[in-house]
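Build the full structure now, drawing on both the sequences and the hints.
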Amino acid sequence: MKTFDYSRADSPEAAVQGGAVGNTRFIAGGTNLLDLMKLQIETPERIVDISRLDLNEVEEGEDGGLRIGAMVPNADLAANPLVTARYPVLSRALLAGASGQLRNKASTGGNFLQRTRCYYFYDTAVPCNKREPGSGCPAKDGFNRIHAILGTSDDCIASHPSDMAVAMRALDAVLVTLKPDGDRRRISIHDLYRLPGDTPQIETVLEAGELITHVELPPPPVGKQSYRKVRDRASYAFALVSVAAIVAVDDGRITNASLAFGGIGPMPWREDAVEKALIGQVPGDAAFNAAADILLADAKGFGSNDFKIPLARRTLIAVLRELTGDAA
Amino acid sequence: MADHTLSSPERLSTLDRAVQRVLGQPIDRTDGPAKVSGDARYSFEIEADNALYGHILTAGIGAGRIDAIDADAARAAPGVVAVLVDDPRLPADAVNSFDKLKSWRLGHDIRFFGQAIGVVVAETQEAARAAARLVDIRYAPQQGRFTPDLSHPDEIEPEGLRPPVKTGDFDAIFAGATFRYDQSYSTPIHFPAAMEPQATLARWEDDELILHSSLQSTGGATKAVGRALDIDPQKVRVIAPFVGGGFGGKTSVGAEAIYAAIAAKHTGRPVKIVQTRRQVAALAHHRAPTRQRVRIATDADGHIRAFGHHAVIAQRDNRSFVEPVHIGTTHLYAGDARLMTVDLARADHPTSGAVRSPGEACGTLAVEVAMDEAAEALGLDPIEFRRRNEPKVSPANGKPFGTRKLIECYEEGARRFGWDQRSAKPASRREGDWWIGHGMAAAIRSNITVEARATVTLEADGSAHIETDMTDIGTGTYTILMQVVAEALGLSPDRVRVSIGDSSLPRSAGSGGSFGASSASSAAALACQEIAGKLAAKLDAEAKDLTLQDGHATARNRRVPLTELLGGEAISAKGHAKPGKHTDAHVSASYGAHFAEVAVNAFTGEVRVRRMTGIFDIGRVLNEKTARSQIVGGIVWGIGSVLHEDGVIDPHSGQFVNPDFGEYHIPTHADSPPIEVHFIEEVDNLANEAGAKGVGELGNSGAGAAVANAIYNACGIRVHDFPITLDKLLSALPEQD
Chain A
1 MKTFDYSRAD SPEAAVQGGA VGNTRFIAGG TNLLDLMKLQ IETPERIVDI SRLDLNEVEE
61 GEDGGLRIGA MVPNADLAAN PLVTARYPVL SRALLAGASG QLRNKASTGG NFLQRTRCYY
121 FYDTAVPCNK REPGSGCPAK DGFNRIHAIL GTSDDCIASH PSDMAVAMRA LDAVLVTLKP
181 DGDRRRISIH DLYRLPGDTP QIETVLEAGE LITHVELPPP PVGKQSYRKV RDRASYAFAL
241 VSVAAIVAVD DGRITNASLA FGGIGPMPWR EDAVEKALIG QVPGDAAFNA AADILLADAK
301 GFGSNDFKIP LARRTLIAVL RELTGDAA
Chain B
1 MADHTLSSPE RLSTLDRAVQ RVLGQPIDRT DGPAKVSGDA RYSFEIEADN ALYGHILTAG
61 IGAGRIDAID ADAARAAPGV VAVLVDDPRL PADAVNSFDK LKSWRLGHDI RFFGQAIGVV
121 VAETQEAARA AARLVDIRYA PQQGRFTPDL SHPDEIEPEG LRPPVKTGDF DAIFAGATFR
181 YDQSYSTPIH FPAAMEPQAT LARWEDDELI LHSSLQSTGG ATKAVGRALD IDPQKVRVIA
241 PFVGGGFGGK TSVGAEAIYA AIAAKHTGRP VKIVQTRRQV AALAHHRAPT RQRVRIATDA
301 DGHIRAFGHH AVIAQRDNRS FVEPVHIGTT HLYAGDARLM TVDLARADHP TSGAVRSPGE
361 ACGTLAVEVA MDEAAEALGL DPIEFRRRNE PKVSPANGKP FGTRKLIECY EEGARRFGWD
421 QRSAKPASRR EGDWWIGHGM AAAIRSNITV EARATVTLEA DGSAHIETDM TDIGTGTYTI
481 LMQVVAEALG LSPDRVRVSI GDSSLPRSAG SGGSFGASSA SSAAALACQE IAGKLAAKLD
541 AEAKDLTLQD GHATARNRRV PLTELLGGEA ISAKGHAKPG KHTDAHVSAS YGAHFAEVAV
601 NAFTGEVRVR RMTGIFDIGR VLNEKTARSQ IVGGIVWGIG SVLHEDGVID PHSGQFVNPD
661 FGEYHIPTHA DSPPIEVHFI EEVDNLANEA GAKGVGELGN SGAGAAVANA IYNACGIRVH
721 DFPITLDKLL SALPEQD
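These protein sequence lines map, in sequence, to chains A and B. If you read the first sequence in full-length UniProt numbering, its first letter stands for residue 1, the second for the next number, and so on. If you read the second sequence in full-length UniProt numbering, its first letter stands for residue 1, the second for the next number, and so on.
Each hint should be verified, as a subset may be incorrect.
Some chain B residues judged to face chain A by a derived CB distance under 10 Å, without partners named [claimed, not checked]:
1) 72
2) 75
3) 78
4) 81
5) 130
6) 655
7) 657
8) 662
9) 665
10) 667
11) 671
Some chain B residues judged to face chain A by a derived CB distance under 10 Å, without partners named [as the list claims (entries may be wrong)]:
12) 113
13) 652
14) 730
Please keep in mind that the hints were generated in silico from the structure rather than gathered at the bench. Yeah, the Cβ is synthetic: ideal placement off N, Cα and C, and Gly gets one too.
Structure representation (structure tokens):
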């Protein structure tokens with residue numbers, strides 16, 4: 001591990017001041033960052049510890065939504081009665097991630113910013129465009145079982161590892177941030193992430209020193225909710241495919257659908273056209289397959305992840321069957 | 001000294017006559033509290049004044065040469081004391097007592113990705129690791145053999161642990177048989193995956209080297225260390241009272257031990273090195289990938305006439321270990337014509353070696369699935385097929401078996417599991433989104449007795465002390481040796497002290513090959529037998545007429561407290577167990593039967609093992625609890641080998657793609673179902689003085705095949721390339737309603 005300077009911020013304002021300087025990283029739970037620092041994939045010169053900031057509340061908004069402090073641990077958020085009652089998809093996604101110990105440490109804000117688990121990103125002896133821009137991508141013609149099938153580029157095919165963020169995307173979450181100049185801004189989760197293109201090292205629109213302070217959820221959408229994660233073992237593995245889904249059926253037809261996907265893209269994946277294709281349809285495999293066709297129209301496998309294309313289809317159909325079961 | 005070479009099996013052993021009734025009891029592990037409270041100190045936690053820390057430099061190419069190493073920047077980095085890259089003794093990976101020195105002394109030749117090439121020594125571990133990144137290594141890469149073609153081996157039937165089995169005219173009998181089964185299988189690389197990585201503290205006292213090192217043997221390791229360092233093994237002391245798992249990966253001496261020893265000599269200070277998790281994958285050995293062909297020919301009634309098991313395994317240059325793939329198959333089923341061989345393909349991979357259940361783990365996975373397929377093709381229940389082919393003597397060499405309760409294991413297992421509830425027709429039971437299936441398989445593990453010594457002292461106060469250089473790698477050695485001595489000398493277990501894990505103690509077999517417990521227990525029992533003889537003499541009695549119980553000796557109608565009988569003087573005796581002519585006259589093995597219920601998701605192909613039942617014949621049960629724990633752990637390994645574990649090597653670079661617990665998937669608790677384990681106990685006095693057979697590797701044998709067979713029964717899909725990950729089921733899953 002490379003030596004670094006450490007300071008602890010006692011306010012968000014102090015944190016962003018420190019965070020704006022050179023090669024600085026915020027640390028909250030550290031469940032991802034410390035691993036990356038030990039392997040010298042991340043080599044910050046300064047660490048600003050934000051773990052003791054007073055951002056631990058889950059508050060009910062006036063509109064019936066939620067305002068979640070960025071430091072709320074994943075375990076606490078998953079168990080929060082407001083979350084389990086109104087946003088079960090979020091609770092289930094959180095509990096599908098990592099292990100009990102990690103969920104106790106990992107923060108809500110940090111979870112959005114997990115780095116990919118691409119095998120080659122993790123080995124500093126080999127090239128990786130995300131780790132060392134311009135060095136190359138061994139994953140494309142190497143082993144890519146966990147890699148993306150949508151949104152990839154010539155430079156990077158890494159997938160985003162978060163479960164929580166997939167549910168957040170289905171729930172139209174909004175991130176509230178504080179910038180070093182004191183400005184606050186609200187960033188829709190739909191605008192947070194960037195496709196890799198030829199700059200896979202830049203993963204979000206966050207600016208240097210910009211700190212996530214809260215996450216806001218609009219009132220829960222109408223419909224039944226589910227989070228289905230398919231992985232290589234029953235626990236403690238990243239998603240091969242996951243689906244966060246909220247679907248409403250009224251009078252025999254789908255009236256609302258919100259679908260986000262994990263494991264298949266460089267970011268939690270959501271596509272309006274998939275949902276539009278379902279709305280107004282009679283629930284059934286014909287409609288579900290049509291939605292999957294749209295989702296996977298541009299899907300591209302790289303060898304060992306080819307199976308994700310049929311797996312994503314089958315998982316989507318299973319989830320839609322589950323959520324429309326009584327009505328189908 | 002009480003020598004015992006297995007030559008008089010009819011004689012009742014010391015343990016058979018004993019009446020204390022502590023042997024076999026499910027006593028909690030005596031080292032448990034120290035381990036869970038953190039009091040137990042593992043190698044890297046041993047304190048040493050003024051210690052330095054080393055970080056091993058590893059190669060970033062898979063084949064080629066190092067042209068130049070520039071370590072100036074690393075040497076100038078804060079806290080760095082030395083960077084060692086030129087000592088010709090620096091090993092490429094683990095060292096042992098049987099391979100040629102040139103197998104690990106590779107100099108600047110790179111033969112596998114992650115090969116050790118030097119060490120940075122610094123005041124802190126972090127400084128050493130950070131400086132390692134500053135060492136500039138220039139390579140001349142070559143095209144490596146990273147994807148060996150296991151269809152075209154380089155060496156035919158190389159010498160290995162097990163000779164080929166060739167009896168009868170296999171080709172003719174196979175060709176002429178009524179029923180023929182012929183199928184190829186593959187198994188991937190498996191990591192030992194011990195929780196504690198390889199770690200060593202090395203210090204020199206004059207010309208004596210003291211290594212606190214995480215190893216499966218202590219005395220046995222001194223020879224390897226001596227060879228690797230060009231020093232007298234008598235000048236090496238290895239200490240390992242606690243070892244956080246070995247699974248075969250610590251049968252060799254880790255590279256870090258040799259680097260630490262060299263660095264400690266160079267700097268004049270103690271040096272600690274722990275391999276990082278990612279380094280362990282390449283620097284410790286792995287289980288070789290295999291390609292296997294299983295051929296079974298029967299008559300119309302399902303009696304096996306010919307059994308073929310051929311394997312090709314991968315190994316790197318100059319390493320001699322050959323995965324003994326047919327070791328379990330050799331004696332398992334009938335069939336006069338037998339052809340069982342292992343060939344070898346050379347690869348530029350890290351070293352392959354003995355990982356828990358060498359041979360059986362991968363061999364039974366293929367063979368026990370093959371038996372299931374053959375039974376189905378013959379229209380026989382898999383148990384009935386096995387029953388018809390249960391040999392009375394070894395089909396390989398005609399020798400008699402020791403105890404073999406395999407049929408009883410099938411029957412008891414079937415009864416407890418509810419085998420009669422199974423539908424023979426695949427894909428006939430559905431619960432919601434899940435297909436439910438049942439499968440079974442046999443377990444076999446060769447039983448080996450290895451030379452072992454122990455000293456037992458009956459102290460004047462009536463307590464006992466056993467000393468042997470055995471290790472406890474999480475297996476229960478402390479506890480079972482306590483029980484053996486307590487049983488043999490008629491003592492309460494808390495009156496027995498156990499000293500192990502130090503090469504200065506009498507030489508044992510170490511932990512490995514499932515021979516540790518039985519061999520060390522035999523030595524302990526023999527030492528106790530000699531003590532009992534001396535106690536009998538004090539009572540003017542024959543040893544056979546002496547009863548030792550509750551700290552008293554009884555003979556000739558006299559019952560005397562041991563303290564009184566000892567009269568203030570301790571009695572010490574040395575036990576020495578070694579294989580004798582009975583070892584060659586019999587075929588000794590542990591046996592069992594596995595039963596599994598699985599669920600296969602009809603949409604996604606995910607597999608969940610719902611429950612397993614296993615019945616086992618391990619001879620005398622030394623401790624019902626630790627034995628059960630060994631079996632349960634082995635079964636979980638079996639689940640890992642059939643569903644999850646897959647060490648992947650990149651075809652272009654030769655690197656391990658998934659060398660950590662994040663991406664090398666071993667079963668989690670959620671993957672491990674309720675596991676019911678029972679023993680059918682029959683003391684095997686042909687096996688050894690303790691009457692116990694190996695248990696550590698038995699549970700792993702066949703467990704994966706039972707799961708694979710249950711997957712077939714659930715959804716009707718046979719997968720022959722392990723592990724059975726969901727992508728291999730996806731396209732063949734039955735149509736949805």
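Going through the hints against the structure:
1. 72: violated (18 Å)
2. 75: violated (17 Å)
3. 78: Interface hint status for residue 78/B: holds (7 Å vs cutoff 10 Å).
4. 81: At 17 Å from the nearest chain A Cβ, residue 81/B fails the 10 Å test, so the hint is violated.
5. 130: Hint holds; residue 130/B Cβ to chain A Cβ min 5 Å, cut 10 Å.
6. 655: holds (6 Å)
7. 657: holds (4 Å)
8. 662: holds (7 Å)
9. 665: Given a least distance of 5 Å, the restraint on residue 665/B holds.
10. 667: holds (7 Å)
11. 671: Holds, about 5 Å.
12. 113: holds (8 Å)
13. 652: Holds, about 6 Å.
14. 730: holds (6 Å)
In this structure, the hints that do not hold are numbers 1, 2 and 4, in rising order.
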